[in-house]
Amino acid sequence: MPTFEPVLLANVGKPDSHTLKVYEAAGGYQTLRRVLQEMAPKEVVDRIRASQLRGRGGAGFPTGLKWSFLPKDDPGPIYLCANADESEPGTFCNRVQMEHDPHQILEGIILACYATGASAAYIYLRYEYPLAYERLQQAVEECYRAGYLGRNILGSDMSLDIYIHRGAGAYICGEETGLIESIEGHRAWPRTKPPFPAVKGLFQRPTVVNNVETLACVKHILERGIEWFQSIGTPPDPSDPRDPGSFGPKVFSISGHVNRPGCVELPLGVPVRELIEQHAGGVWKGRKVKAVVPGGLSTGVLSAHELDTPLDFSGPCKAGCLGLGTGGVIVLDETYSMVDFLHNSCRFFAHESCGQCTPCREGTAWAYRIMQRIKAGRGRLVDLDLLEEIGNSIGIIPGSTICGLADGAAWPIKTTLAKFRDELEDYIRRTNPLGCRNPAPVEALPEWREHQSITGRKLLGAEATI
Amino acid sequence: MATVIVDNREVELPEGVQLNCIQAAALAGVEIPHYCFHPGLSVVGSCRMCLVEIGKRDPQTGHITMFPKLQPACNTPAADGTVIVTQSEKVQQARAMVEEDLLLRHPIDCPICDKAGECRLQDYHFRYGQKERRAEILPFHSRRRDLGDVFLFVDRCVMCTRCVRFVREVAGTGELLVLARGAHEEIAVLPGYPLNNKLSGNVVDLCPVGALADKDFLYKQRVWFLRSHRSVCPHCAAGCSIWIDENQDHLWRIRPRENPHVNRWWICNDGRYGYHQVHDRRRLLGARRRTADGWEELDWAQAPLVVREALERAGRLAAVLSPFLTVEEAYLLALLVRRIDPEALLGLGPVPRMGQDERFPGGFTISAEKCPNRRGVEAVLSYFMKGRVLQFDELLGQLGPQGVRGLWITGGYKAPTPPVSHVLDQAIADRLEGLDLVIVQDLFPSPVAERAHYVLPGAAWAERDGAYVNCQDRLQSFRRAIRPPRGVLPEGWLLWQMHQRAGQFDAAAVLDEMAQQITYFAPAVYEIPEVGLDLKAGLLAATTAKTASELKG
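Sequences listed follow chains A and B, in order. The first sequence maps to residues 5 to 470 in the numbering used here. The second sequence maps to residues 180 to 732 in the numbering used here.
Only chain A is shown next, with the shape it has when bound in the complex (with noise of 0.2 Å):
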């Protein structure tokens, strides 16, 4: 492989990288000039789709295609969403890029409007980036000064406005309908589908979604072409015809139990030792990994066995994991109780399930009930059944949640109860030695239902009970 040259993460590290001079100083809105002089938009879209670039987002999806979903010849107008709402535990690769480079980020976003034809543009970020919003802010600023954002760009007929709207901390405002929801000012419900935010999305007109890093490699395709980019990453598995490959650069965030926690630039398909061993320190305190949580907490837990993993969209899924994910790295090291690390996954998931669709918001609820009960020590062994078959009924592989946030709950119990089952069941019998056995239901800790009694009350005053 050749040596790899960072262009996500290239900007970062210089002094005020964040502002326009330093950015134009690197070469920055040649691409959007150049490609606004001399490329059509329909061309655009082809060179995107020719690149078999797929979203940075977390599932993966070919972002040219999703492009061409658009309808053709609407009178408009179409709205551009980019998805900077960053809330996947572990991840954090947005936030650098948003902080040190929002320039990038714009120019990318202009040029995906320029192909989709876009007249507006809302940038979601999520409320816990102050920093982002500011240098983002100050970049839009200096854009509309700079005439690369407003009426006719460049002296080209393209006009574009671009909006940055700061959500208010859920989940599930990262998923693309909730998040179109959000704008609209509505609770974050994700949206049942069909219709497609293609077809109906913001403000029902016809909508793309693509998260920030996505559109930074628009930039960088456009720049540097489909050669480059194809030159970067893991060819389509010939065995599997329906891998469209992993090409590209991605930015990892690794976090946990390493030395050097941080952001990283690699080429897709880097194996997760080489990431923490390389890139990260190794782990901590000379320990060794336990667990890796290869991209954000939803897709589930690599063992200590599948280091090896590539981290490409595939690699993951076929070590049992529900894929790429976002790119977010935890690194566990061998102290680390995985019924810790379950009782947190649970906690996290049944706090943010929107409470929509059934299957997720009970599900969700009821997999933190049982492990709350296991870390007191009152588990079962039969518990440990429950909770496996919670991981395979909600979600959306069985068909029974409207977004993929229940799937994202389910993958942490199915990988870890796979994988690390024997110390789950270790636990359990040691905390809970008389009653481990027992197939009988248990009651739930009263402080559940204390919990929700004393919010309720709270909330809404003096109630009656019956």
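Hints in this document: simulated from the structure, not taken from any laboratory. Cβ atoms here follow ideal geometry from the backbone N, Cα and C, with glycine treated the same way. Hints may be right or wrong, so weigh each one.
Capping the alpha-carbon separation at 27 Å, the derived lysine-lysine pairs in DSSO-like fashion look like this [as the list claims (entries may be wrong)]: (1) B:K394 / B:K593; (2) B:K593 / B:K399; (3) A:K76 / A:K204; (4) A:K204 / B:K248; (5) B:K377 / B:K394; (6) B:K269 / A:K322; (7) B:K248 / A:K322; (8) A:K379 / A:K423; (9) A:K289 / A:K423; (10) A:K197 / B:K248; (11) B:K235 / A:K197; (12) B:K235 / A:K204; (13) B:K715 / B:K565; (14) B:K269 / B:K310; (15) A:K292 / A:K423; (16) B:K377 / B:K399; (17) B:K269 / A:K197; (18) A:K379 / A:K292; (19) B:K235 / B:K248; (20) B:K377 / B:K593; (21) A:K204 / A:K46.
Residues from chain A that keep clear of chain B, each with C-beta distances beyond 10 Å, as calculated [stated by the list, open to error]: (22) G68; (23) F73; (24) D77; (25) D241; (26) C321.
Covered by chain A, per the in silico footprint, the following chain B stretches (three or more residues, Cβ under 8 Å) [stated by the list, open to error]: (27) 224 to 237; (28) 277 to 290.
Keeping the supplied structure of chain A fixed, place chain B upon it in accordance with the hints.
For chain B alone, coordinates are given in the frame of chain A:
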């Protein structure tokens, strides 16, 4: 013709309407269980109870390909070649899972829940649920919260959000909202903005479980003791189709009855809670006659003869046909009075009006005209009066000039609620001075009844047989739901006896007769469907005939 295949049976889809798979399966007689879907509301597909296997039949080869995942039937349009499988193991597993999930945090307080007996959670659990409860909570009471017009039993809720969608889409008031997230979600209202609109009672019917409770009905009756009767709401000219739920001659609840031509799935609170006047203690009971020294009880067995003789003695007659009469009663009364005095004056009773028509965003309308049958009575009057309809004031004005000596007034108006007096007030009573005979047939005491020579207590609408014609010229027949209280003879029964017809009052026979006599009612010659009969077609023919005769003339 588009066909769908439901559990190996082919069903043809009706043309011109877009059905989803739940509705298409219902055509084939297959019920797909669902909580959140309602044909009158937008589709959210969130309860996941209606998951089925969906496939597509290739029109050329006939080869069927199934979708790998289960699909929500509510959000899948039924098209030509759609294959729906509702009984496979996969589907049954999914249903059992949803049922179990919904019962995880449910109090299961059915013994004290109003919905028990007509609760979807109960019904579906018996049909699709698991035998064993694996949930780890003990039974508990549901919290109760006052939302304004209704109570919310917080923990019984299954979050189908039908009520939230209803107040947003149909009532347009949007008081209800979903609070919090995930398993902590609750239906709520904002402080200071309670659920308070004229359609709010519908959320109770919409609720598939016992979460929303009607303050009027709460803890009154177990639903399995109630008998339901088809009826028509008498509280305004819209004439909504309703169910009357009664137990042993007592009305307990009014529910909307689906009628795509009139009220769709809804009724307003006026109609829902207006039934209380049927059991009002102030009602007139017992026929009586004025004598020189006060009132004398009149035996109902004697009444038809006595009243008829009084009418025959009176000389010139007039009758006021109230817009609360059914068309049959109005016809019988007009016929009777005209038999005795062929020149008798016939006029329309006072038509109570209140404000303007109220239209709601979902298309539901409450009419400003607070009586059920002005159109029908007008048609009867028009037949007997050769196309003229005397309004009440005109009729009173003509009493003197025409030398009328005897007057029969029918009522049925609402009970007086101070400061609003009875519609037949003192001013009207004063104008009746000098008449030899005043017969009042009404529900409640009024100044006019005080002035009368004969007072004949009338029946409330739930105690009558007959038909109303609403403001859209739709004729709807109904049978009585309860027996009238002791001392009341329904108008139709009395008139039937006064006509000396054989047997008991037969509204259908009268309507049949009217259909043959009166052009307006001509379409009613056939059986009246449950959703009523549009008389406009007849109207159109009448107008055309009239125009033709005018042209010829």
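- Message: Checking each numbered hint in turn, tell me which of them this model violates, lowest number first.
- Response: none
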